[in-house]
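Engineer: Sequence:
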Amino acid sequence: MKASIKIPFSFLLLAGALMLPQLTAAGEISGPAPDFTLKSRGGENLKLSEFRGEVVMINFWASWCAPCRQEMPLLDQLYNRYSPMGFTILGINVEEDSAQAEKLLKEIPVSFPILYDTGNTVTELYKVMAMPSTVMVDRDGNMRYLHLGYLPGYEVEYEAQIRELIKE
2 MKASIKIPFS FLLLAGALML PQLTAAGEIS GPAPDFTLKS RGGENLKLSE
52 FRGEVVMINF WASWCAPCRQ EMPLLDQLYN RYSPMGFTIL GINVEEDSAQ
102 AEKLLKEIPV SFPILYDTGN TVTELYKVMA MPSTVMVDRD GNMRYLHLGY
152 LPGYEVEYEA QIRELIKE
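Just so we're on the same page, our numbering is the position in the sequence shown counted from 1, plus 1.
There may be inaccurate statements among the hints.
[As the list claims (entries may be wrong)] Cut-off 25 Å, straight-line C-alpha distance, at most; resulting in silico cross-link-like pairs (SDA-like, lysine to any residue):
1. Lys168 with Asp36
2. Lys48 with Thr122
3. Lys48 with Thr119
4. Lys168 with Ser112
5. Lys40 with Lys168
6. Lys104 with Ser64
Hints are computed from structural coordinates only; laboratory data are not their basis.
Go ahead and model the full structure; you've got the sequences and the hints to work with.
Structural biologist: Printed below as a string of structure tokens:
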């Protein structure tokens with residue numbers, strides 16, 4: 002490789018390597034959660050602001066995403082355990098065509114609301130960069146935690162954050 006090509010290529014490799022940890026990262030964030038309205042699996046429009054007063058986990062997912070498939074039953078367990086305490090999950094499918102999502106939901110049924118972002122407007126609004134991406138929103142509508150990707154054990158972190166936000 003010529004030296005003039007080697008340096009930019011090496012820089013790109015280094016930049017890519019530095020970004021990898023961000024694809025499976027978790028951290029605190031702040032600011033109001035951008036409001037949105039999306040059509041639900043049941044056909045009605047759901048608006049994030051209608052859930053003010055509840056702790057909301059917004060989970061962006063896709064049927065082709067293996068970590069999303071792994072995480073969904075665990076999210077459903079959290080939903081069933083904490084929904085009586087003022088917690089909900091909004092599972093936002095990011096695919097243009099919801100047919101594959103419907104197929105997955107027959108294989109892995111969940112009881113939390115599923116919304117379809119077929120135009121990727123909410124996905125872009127939240128600057129989603131990884132699948133799955135999860136945003137925790139407090140009762141006042143403020144974003145508090147962000148998780149990019151999923152690794153086994155994240156559900157322990159989710160549960161701790163849910164408990165903390167429910168107590169506030």
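Engineer: For every hint, state whether the structure bears it out.
Structural biologist: Against the structure, the hints:
1. Lys168 with Asp36: holds (23 Å)
2. Lys48 with Thr122: holds (14 Å)
3. Lys48 with Thr119: holds (16 Å)
4. Lys168 with Ser112: holds (23 Å)
5. Lys40 with Lys168: violated (30 Å)
6. Lys104 with Ser64: holds (8 Å)
Violation of the numbered hints given earlier is confined to hint 5; every other hint is satisfied by the structure.
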